[in-house]
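Visitor: Sequence:
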Amino acid sequence: MGAQHLPVMLREALDFLNLRKGGTYVDATVGPGGHSEALLSHLGPEGHLICMDRDEETLELARERLQDKRARFVHARFSELARVLGEMDIQGVDGVLMDFGVSMLQLKTPERGFSFTSNETLDMRMDRSEPTSALEAVNKWPEKELARVIYEYGGEWRSRRIASAICRARGKARIETGLELAEIVSSAVGRSGKTHPATRTFQGLRIAVNREMEEIDAGLEAAVDALVPGGRLVTIAYHSLEDGKAKRFMREAARAERVKLLTKKPLVPTREETRENPSARSAKMRAVEAI
4 MGAQHLPVML
14 REALDFLNLR
24 KGGTYVDATV
34 GPGGHSEALL
44 SHLGPEGHLI
54 CMDRDEETLE
64 LARERLQDKR
74 ARFVHARFSE
84 LARVLGEMDI
94 QGVDGVLMDF
104 GVSMLQLKTP
114 ERGFSFTSNE
124 TLDMRMDRSE
134 PTSALEAVNK
144 WPEKELARVI
154 YEYGGEWRSR
164 RIASAICRAR
174 GKARIETGLE
184 LAEIVSSAVG
194 RSGKTHPATR
204 TFQGLRIAVN
214 REMEEIDAGL
224 EAAVDALVPG
234 GRLVTIAYHS
244 LEDGKAKRFM
254 REAARAERVK
264 LLTKKPLVPT
274 REETRENPSA
284 RSAKMRAVEA
294 I
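If you count the sequence shown from 1, you need to add 3 to reach my numbering.
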């Protein structure tokens, strides 16, 4: 799959999941299959792995890569975990791995419309069967809503200026591509530093379009509910909003005596890993064990 698709913090994920042969585990974001491939290598012939992803195209890549009868592939979001397990008549699982955010495969595929350097149509949907895309957001959402999601999810303090520029531009002509949107943002706020001025705007729109924060909330709850006593939940987050969700949920679950914290502070990748896989540099891992 290439260096950009290396599974992040693989050794740490395997350690925290405390895999046992014959166990049943969930990779709730299978992606191209890197974590799942390693999980399967530790489960023995009687083990089971449920490979979920909201991106049906990526799910098919994982299916082709793994080709393992112990793995079951399901097109589903985090929030649908309880339904998925119920339909499989699974009463509880020994571990759940949740890898948040957008994948490098999605970002690097121009026609998926995530990139601000692409002349492809804006999209940003992780699941292309969903009705709302970034194209609809930038052309139809009210200015106040655009400003809110760019500020709240992108952490962009110039969100009102950017939202105003987007609305002025779309009043003249429909905004079609990532490159067009990036140029609108750049014109509104200027360029300075190494980071592209549209980075935070694109992040905010992507999170809003995919309802990522809502999915994380629902997925964390469903994952802990699904664990058998001693089962473990491991999360990998890539920015403060995601990690904050995991941190607060795990602490509240620990106070309610539903779980035991295994990480008081998040683990981060080693220097060796970030040298080999720079996209891992912002990753933070947390883990709990069900009581």
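Simulated from the structure, these hints should not be mistaken for lab results. Predicted model, so just to flag it, every value in this text is computed and none were measured. Don't be surprised by glycine CBs; every beta carbon is placed ideally from N, CA and C. Take the hints with a grain of salt, since some may be wrong.
As the list claims (entries may be wrong) - With a Cα cut of at most 30 Å, we get these calculated DSSO-like pairs of lysine-lysine: (1) Lys24 with Lys147; (2) Lys267 with Lys250; (3) Lys250 with Lys268; (4) Lys263 with Lys248.
Unchecked claim - Using C-beta positions, here's what the derived DEER-type ranges look like: (5) Gln94 with Lys72: 28 to 34 Å; (6) Gly193 with Arg23: 53 to 59 Å; (7) Glu59 with His199: 27 to 33 Å.
Visitor: Please go over all the hints and tell whether each is borne out by the structure.
Guide: Checked hints:
no.	hint	in the structure
1	Lys24 with Lys147	52 Å, violated
2	Lys267 with Lys250	9 Å, holds
3	Lys250 with Lys268	9 Å, holds
4	Lys263 with Lys248	17 Å, holds
5	Gln94 with Lys72: 28 to 34 Å	21 Å, violated
6	Gly193 with Arg23: 53 to 59 Å	55 Å, holds
7	Glu59 with His199: 27 to 33 Å	29 Å, holds
When each numbered hint is compared with the structure, violations occur for hints 1, 5.
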